[in-house]
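Chains as they are written, first to last, in our numbering: chain A, 1 to 103; chain B, 104 to 265.
In short, the hints are calculated from the structure, not lab data. Just so you know, not all the hints are guaranteed correct.
With the C-beta cut set under 7 Å, the calculated list includes, among others, these residues of chain B facing chain A [stated by the list, open to error]:
hint	residue
1	Ile-162
2	Glu-229
3	Ala-256
Here chain A is said to cover these stretches of chain B; the calculated rule only asks that three of the stretch's residues, wherever they fall, bring their Cβ under 8 Å from a Cβ of chain A [claimed, not checked]:
hint	stretch
4	107–118
5	124–134
6	146–157
7	168–179
8	187–196
9	202–215
10	231–240
Reference listing, derived: stretches of chain A covered by chain B, where coverage requires no fewer than 3 residues with Cβ under 8 Å from a Cβ of chain B [as the list claims (entries may be wrong)]:
hint	stretch
11	6–18
12	22–31
13	39–49
14	53–62
15	66–80
16	93–100
Glycine included, C-beta positions come from ideal geometry on N, C-alpha and C.
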Amino acid sequence: MIVPLAHVLVLAVILFCLGLICTLVWRSNVIMMLIGIEIMLNAAMLVFVGGACHWGTADGQVFALMIMAMTSAEVSLALALVVYLHRRRNTVDTDEFRELQDQ
Amino acid sequence: METYLFYILAVVTVIGTILAITEKHPVHAIVHLVTSFFSLAAIFFLLAAPLIAMFEVIIYAGAVMVLFMFVIMMLDPGRTDQAGRPGLRQWLLPAILGVIILVSIGVLAAGYVTAPHTSSAITVREFAVTLFRKYGVAIEIISMQLLFAVVGALYLGRRRAP
Chain A
1 MIVPLAHVLV
11 LAVILFCLGL
21 ICTLVWRSNV
31 IMMLIGIEIM
41 LNAAMLVFVG
51 GACHWGTADG
61 QVFALMIMAM
71 TSAEVSLALA
81 LVVYLHRRRN
91 TVDTDEFREL
101 QDQ
Chain B
104 METYLFYILA
114 VVTVIGTILA
124 ITEKHPVHAI
134 VHLVTSFFSL
144 AAIFFLLAAP
154 LIAMFEVIIY
164 AGAVMVLFMF
174 VIMMLDPGRT
184 DQAGRPGLRQ
194 WLLPAILGVI
204 ILVSIGVLAA
214 GYVTAPHTSS
224 AITVREFAVT
234 LFRKYGVAIE
244 IISMQLLFAV
254 VGALYLGRRR
264 AP
């Protein structure tokens with residue numbers, strides 16, 4: 001391990017909070033919200049890889065790979081939803097999608 | 104040497120992410136995010152995970168970000184100089200919340216000391232054996248999840264008859 005595990009954890013916490021702030025601030029734009037979720041998932045992956053390096057077992061790296069597969073599934077579905085919503089209202093602003101009624 | 108490299112890459116990652124979340128236009132944000140993910144991949148390499156570093160570059164910086172870029176281009180987001188950023192009031196409260204969470208978890212994380220393990224480096228062979236022996240069922244489930252995601256995306260993306 002080249003650095004203490006605490007430094008890796010601090011970096012991951014900083015990245016996670018930046019992703020959280022991105023999701024909260026850009027809550028009117030669906031695409032920027034998705035970008036914030038990506039940043040948060042990357043921070044989680046960093047924790048797993050740092051733990052795997054610290055304890056010398058491959059399990060953490062396996063779970064980082066699982067997170068990556070989960071993210072690609074999530075992104076493909078979410079972007080399909082974005083395209084669908086854009087086709088209905090011609091915008092990606094979440095304030096426009098406040099009605100449940102089908103038009 | 105590698106220790107300094109880690110801190111330099113950590114600074115690059117954080118700055119790239121900050122630029123990405125403060126950028127007005129989604130396309131510019133994606134480009135900054137790719138920078139951040141590249142340096143994060145280098146950090147993964149330094150943390151003895153070369154396979155994860157490669158997948159980070161191929162899947163994240165390659166596939167996922169290009170998918171974002173495709174969708175943004177398809178949706179026609181408008182000119183970059185007319186894009187609006189949330190006002191200062193909208194930045195204030197989320198920043199306060201984020202900093203509170205950052206400080207509280209950060210104090211816990213910074214005080215986290217464990218005995219340094221004298222562990223051997225993880226080889227790719229060991230990674231592959233763990234992946235396909237110990238977590239073989241999880242691989243099957245995750246492949247089914249990817250298949251379902253493809254089917255769902257096709258269902259959502261189809262053109263409806265008017």
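*Numbers of the earlier hints that this structure fails to satisfy, in rising order*: Hint 16 alone not satisfied by this model.
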